[in-house]
Amino acid sequence: MSKHEHKDCHHLLSSLSDYVDGALEEQLCQEIERHVSGCEDCRIVIDTLEKTIYLYHTSAASEPPGVPEDVKERLFKRLDLEDFLPKAS
Amino acid sequence: MNTIETPEEFDLTALQAGDRAEFAQLIETYSGQVYRLALKMLQNPQDAEDILQETFIKAYKALPEFEGRSSLSTWLYRIATNEALMFLRKKQPVQVSVDEPLENDEGDERPRQIVDWCCLPENELMSTEARAYLDLSIQELPESLRAVFLLRDIEGLSTRETAEVLNISEAAAKTRLSRARFQLRELLSAYYAERLPSTAYANAGK
Ligand SMILES: [Zn+2]
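These protein sequences, in sequence, are chains L and S.
When we follow my numbering, the leftmost residue of the first sequence carries the number 1, and every step to the right adds one.
When we follow my numbering, the leftmost residue of the second sequence carries the number 1, and every step to the right adds one.
Check before you lean on any hint, since a few could be wrong.
Said to hold, decoys possible - Simulated crosslink set (BS3-like; lysine-lysine; CA at most 25 Å straight-line):
hint : chain 1 : residue 1 : chain 2 : residue 2
1    : S       : LYS58     : L       : LYS77
2    : S       : LYS58     : S       : LYS90
3    : S       : LYS174    : L       : LYS77
The hints are simulated quantities; they were obtained by calculation from the structure and are not laboratory data.
Using the sequences and the hints, build the whole thing.
The following block contains the structure:
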């Protein structure tokens, strides 16, 4: 394993979520990138954190929001709005 | 990410006067988002349906007091999230209050699993089983983290909107999102590490 000071790793952790969102100021980004180039563990943490978020975004995008027909029907009934229920095709 | 691009073209005056057609349109537009949030929050279709109904019943009653300080969608998310959190609280009466920013009880970002599973092929990362695991992992999050994660990373709200929905500061929303993401990273690492080719896995436990 690398011999660098691992206390830096902990110091950086709280910034990583902003970092992967691209919401971190330039100077901190550079600090992270400099650190990661010499720290395999932190590189893995960042990569897997990014991948984790990516997988959730992808799964959300692939199941767009919607309500099953029967659920929608009961919702409209509950609210006394049956007459506005779109006619089932 | 799913960003909400629905234009808010509702006639607020009509809505507040109890116009039923306009309210039906509001349901058409936003029920999908409310239902998905409830489903991911509670992981139970029947409970999610209850939350969905309660949300729109409450919204109908509360519309006259809606001041338009947030968007209608943020406002609906807020009602739905409160309903879901209240439901969870009733189910687990010993839980601490979800309103309080008890940062220390929500875990931290310290990584435990250091395994590089990013190289797994997409079809394995997103298999039917893996997707079910993604959903189950959300359930492992403490409620306050779960709500922030769902609003930000599943519903695609901004930090500001998420803070508004939960009535917390933007800084708190960011902190909770970070913790949620790190906790999910741990869970996913444990899951995907087992699916790595055996040679890679043998080297993984360092
Ligand atoms: Zn490091």
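Going through the hints against the structure:
no. : hint                 : verdict
1   : S:LYS58 <-> L:LYS77  : holds (15 Å)
2   : S:LYS58 <-> S:LYS90  : holds (18 Å)
3   : S:LYS174 <-> L:LYS77 : violated (39 Å)
Hint 3 alone, counting from the list given before, is not met by this structure.
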